[in-house]
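In order, the protein sequence lines correspond to chains A and B.
Residue 83 in UniProt numbering sits at position 83 of the first sequence, and the numbers go up by one each step.
Residue 180 in UniProt numbering sits at position 180 of the second sequence, and the numbers go up by one each step.
Source of the hints: derived by calculation from the structure; they are not laboratory data.
Some hints here could point you the wrong way.
Unchecked claim - Computed Cβ-Cβ distance ranges for the label pairs, DEER-style:
| no. | chain 1 | residue 1 | chain 2 | residue 2 | range |
| --- | --- | --- | --- | --- | --- |
| 1 | A | R435 | B | G96 | 25 to 35 angstroms |
| 2 | B | A362 | A | Y237 | 47 to 57 angstroms |
| 3 | B | S136 | A | R33 | 50 to 60 angstroms |
| 4 | B | D434 | A | G399 | 49 to 59 angstroms |
| 5 | B | G96 | A | G307 | 29 to 39 angstroms |
| 6 | B | E301 | A | S258 | 52 to 62 angstroms |
| 7 | B | A322 | A | Y237 | 28 to 38 angstroms |
| 8 | A | P439 | B | G339 | 50 to 60 angstroms |
| 9 | A | G399 | B | N176 | 25 to 35 angstroms |
Where a beta carbon is used, it is the ideal one built from N, C-alpha and C, also for glycine.
Number of protein chains: 2
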Amino acid sequence: MTDPAAALAQMLGPKGWLSGEEAEPYRQDWLKRYGIAPLGVARPISTAQVAEIVTLCCDAGMNVVPQGGNTGLCGGAVVERAGGIILSLSRMAAIGEPDAASGSVVVDAGVILSALHDALAPHGLVFPMHLGAEGSARIGGLIGTNAGGSHALRHGMMQNLVLGLEVVLPDGSIWNGLRAVQKDNAGYQLRKLFCGAEGTLGVVTRAVLKLSPAPKQRATALLTLGDSAAAVAFGTYLRGEAGEFLTGLEFFCDFGLSLALKHLPGLSFPLESRGDVHVLVELTSSSTRVQLDDILASALEWGMERGLILDGALAMSDAQRAHFWRLREEQPEGQRLEGEQLKHDISVPVGRIAEFIDKGQALCQGILPGVRINPFGHLGDGNIHYNLSPPQGEADFAGKAPEIAQALAALATEMAGSFAAEHGLGRAKIVLADRNRSPVERDLMARLKHALDPLNTMNPGVIIANPSGKKNFPMNGIS
Amino acid sequence: MTDPAAALAQMLGPKGWLSGEEAEPYRQDWLKRYGIAPLGVARPISTAQVAEIVTLCCDAGMNVVPQGGNTGLCGGAVVERAGGIILSLSRMAAIGEPDAASGSVVVDAGVILSALHDALAPHGLVFPMHLGAEGSARIGGLIGTNAGGSHALRHGMMQNLVLGLEVVLPDGSIWNGLRAVQKDNAGYQLRKLFCGAEGTLGVVTRAVLKLSPAPKQRATALLTLGDSAAAVAFGTYLRGEAGEFLTGLEFFCDFGLSLALKHLPGLSFPLESRGDVHVLVELTSSSTRVQLDDILASALEWGMERGLILDGALAMSDAQRAHFWRLREEQPEGQRLEGEQLKHDISVPVGRIAEFIDKGQALCQGILPGVRINPFGHLGDGNIHYNLSPPQGEADFAGKAPEIAQALAALATEMAGSFAAEHGLGRAKIVLADRNRSPVERDLMARLKHALDPLNTMNPGVIIANPSGKKNFPMNGIS
Chain A
1 MTDPAAALAQ MLGPKGWLSG EEAEPYRQDW LKRYGIAPLG VARPISTAQV AEIVTLCCDA
61 GMNVVPQGGN TGLCGGAVVE RAGGIILSLS RMAAIGEPDA ASGSVVVDAG VILSALHDAL
121 APHGLVFPMH LGAEGSARIG GLIGTNAGGS HALRHGMMQN LVLGLEVVLP DGSIWNGLRA
181 VQKDNAGYQL RKLFCGAEGT LGVVTRAVLK LSPAPKQRAT ALLTLGDSAA AVAFGTYLRG
241 EAGEFLTGLE FFCDFGLSLA LKHLPGLSFP LESRGDVHVL VELTSSSTRV QLDDILASAL
301 EWGMERGLIL DGALAMSDAQ RAHFWRLREE QPEGQRLEGE QLKHDISVPV GRIAEFIDKG
361 QALCQGILPG VRINPFGHLG DGNIHYNLSP PQGEADFAGK APEIAQALAA LATEMAGSFA
421 AEHGLGRAKI VLADRNRSPV ERDLMARLKH ALDPLNTMNP GVIIANPSGK KNFPMNGIS
Chain B
1 MTDPAAALAQ MLGPKGWLSG EEAEPYRQDW LKRYGIAPLG VARPISTAQV AEIVTLCCDA
61 GMNVVPQGGN TGLCGGAVVE RAGGIILSLS RMAAIGEPDA ASGSVVVDAG VILSALHDAL
121 APHGLVFPMH LGAEGSARIG GLIGTNAGGS HALRHGMMQN LVLGLEVVLP DGSIWNGLRA
181 VQKDNAGYQL RKLFCGAEGT LGVVTRAVLK LSPAPKQRAT ALLTLGDSAA AVAFGTYLRG
241 EAGEFLTGLE FFCDFGLSLA LKHLPGLSFP LESRGDVHVL VELTSSSTRV QLDDILASAL
301 EWGMERGLIL DGALAMSDAQ RAHFWRLREE QPEGQRLEGE QLKHDISVPV GRIAEFIDKG
361 QALCQGILPG VRINPFGHLG DGNIHYNLSP PQGEADFAGK APEIAQALAA LATEMAGSFA
421 AEHGLGRAKI VLADRNRSPV ERDLMARLKH ALDPLNTMNP GVIIANPSGK KNFPMNGIS
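The shape of chain A in the complex, shown without the other chains:
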């Protein structure tokens, strides 16, 4: 039998097959917690080449790990089993001509999100997905992780923005589902199944994405509020009175603000008063006949009259707007620079955010007194990045990380929420999934994985640790 690495090298050429030192930049995940040296990195230039690679690996019993921009936080895009290869679609980055009349565009999976934003700008169209990593995250990875981000409250997650897909399946066959319509009920919703599958069911190679008209106006405010209950109350009012325009509703707390101001030179806080919670509101409209500034100002007035809003400023320029957003988006970086940290990606129903923050604090302090809690994220859809720094003066979490993670996961679960809101399970959260989701649910997922990837070629060990375990597949097919 031919050496599979040699066969891949020959198939793909020197630009298409990286090994040794050249493969090193692909080895570890973003948080540097996972990853062994891959056999190599395949960088195909076409769907046909992807299919050839997957077929070869399937035949050779090698595992294939698709990697997009490698900005994921759960270790789902690096090799952990010897002999695996990384599949990077970075050379497949074509953006089709947008169909303005229909509001869609066909893109390769290797397209970087911000490159798509730039390409659409001259057409008066937007792809309304925004997140901190947009300068490096690729469409394929965003689909694989069903990314959410800061505009999801209005436009939904990737699964709401994907009309059609092309996927290379684990056996090397190509599924062409590149349709460009919302309404397609010809059988199971395959396009949804691949959103969030983290490359375990196949490799997304192309997508038809849904576009929106570009906003013609924008109104942004930065606010100080007394506590998270006030933030929730104001958010509820905003969704009712300005829901059609509400594109961003983000929050961060004063501890997170302190860390960002301490560690990031040039960052400043423009309001006079600080409070427990800071909120960023952004309204946008593609209509010129809407008085967006008035609508925002009137909502702020409502909040101030009721004592919910303690201080606030409207962005008077794009530079100021960008500065407001930076205060929110630098939250992870500020905390990273403070030292050790624990990240939790929680969602709860939006009306219960304050309750989660209060109960979560009691739980965390009970487990590790003095732990410093930094909740921030998406007030508009209940997604809290509930991150922790060690107690002041401590370097780490005294071995309490798993206990804290489980306590928060159980709380989110009890509140009809999720412990894996927008970052996925990857490898990092399989233990939480096994503990907090029912055996019935975990078995359903194992069955899906086994049905589409019976040889466990695609990204093994992600989402499902053991898809062909006896527990999941008794001989009579019924469990």
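Given chain A's structure and the hints, the job is docking chain B onto it.
Frame of chain A; chain B shown alone:
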């Protein structure tokens, strides 16, 4: 072995188990094309009872066909194999207290859509799904068929409105996925998979639905346009300038209007001029600070100045608004009363609707000269109910129905659209699916079905004719 029917009768009691004459109303589908007498109709009152029923049927080798309001058009909710039972959740119709702060509600699958609308009204909330059958369609059936309807352009289909699900699986186990958050990426998107599965993967028993604030204002217009190209151009403009408010954008043609006026006493057309195409526009807003009438009036002015709109009227009262909607919604009934008909449920990218209508007409006339074409539906999302009446003076389609259906399906497919836009495949469209979708895609669906329902207990013969066919499952698990 106990007689399964006797066991079900004993388990469910006289209200819970109908047979003989009592089962007759459940036998046939809406269009009276499918259905044999079921062994009986099970009407459970709890999820636990649903699970008992499914377990019993699974053990006895009997098939289970979930039936909602039985308003489906593809024959997916009636028994076609001897010994099957119908499972009706009509006695499971509880509506939970809506969570206004979070925008969600928990409902039983047997809830009728219009009952949910009524229950939400006092809370200032809406469930934004509207379709002709809303007075009889049940939530379970709407989820099973991934219903779309006339508000889908703004709010999406059922799969966009379902946050969480409870499902009794084919082996009788219960999956509790009743979470109430949009952002839940803890593994595969199971909640999406059951939307549109037409009861072939399990029985949806409860759901957490996403709610929106109730509109505080509404502006509605009925228009006459010269042709479908004008309608598409005006629709594109509206999506750009008033997209945030655009809740309905419907069309019907003059032939359909004639049929409705001819057959439905009391229906009248309020505009002076008629044209090839009539359009209904509805804008809504939950904000009081938007001049909705002005926005609509200005859009109409734009259309009239360009000669796209030939005539139009704004609804001046709720009665008038209801009359405008009735003109659109009576399209199917007017055609039904004309005699024989063929229904096709097409979607194409919205910018290509006019192209489809033109090309479709040429195809149909080529196959059956004189056939009378009545396209109507959802201009805003590209969903065309492309229905036909026989040539004037003829009673039927001269055996050409399959040829016409395939020609239209092939055309929609070629245009990146679907031949099963919002009604599903059921039994009626499996032949079209097998002809117009790739073997790879059909095999993927068969694998999913086999993985979740290996004994083919749930609604056999729907979506997939032969889920365990040798073709789909070669011994090595790879095809």
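We went through each hint and held it up to the structure:
1. A:R435 with B:G96: 25 to 35 angstroms: This hint holds: roughly 27 angstroms between Cβ atoms.
2. B:A362 with A:Y237: 47 to 57 angstroms: Because 54 angstroms falls inside the window, the suggested range holds.
3. B:S136 with A:R33: 50 to 60 angstroms: Holds, since S136 (chain B) and R33 (chain A) (Cβ atoms, about 54 angstroms apart) stay within the stated range.
4. B:D434 with A:G399: 49 to 59 angstroms: About 58 angstroms separates the Cβ atoms of D434 (chain B) and G399 (chain A), which means 49 to 59 angstroms holds.
5. B:G96 with A:G307: 29 to 39 angstroms: holds, 32 angstroms
6. B:E301 with A:S258: 52 to 62 angstroms: At 54 angstroms between Cβs, range holds.
7. B:A322 with A:Y237: 28 to 38 angstroms: holds, 31 angstroms
8. A:P439 with B:G339: 50 to 60 angstroms: Holds, since P439 (chain A) and G339 (chain B) (Cβ atoms, about 55 angstroms apart) stay within the stated range.
9. A:G399 with B:N176: 25 to 35 angstroms: Holds: the Cβ-Cβ distance is about 33 angstroms, inside 25 to 35 angstroms.
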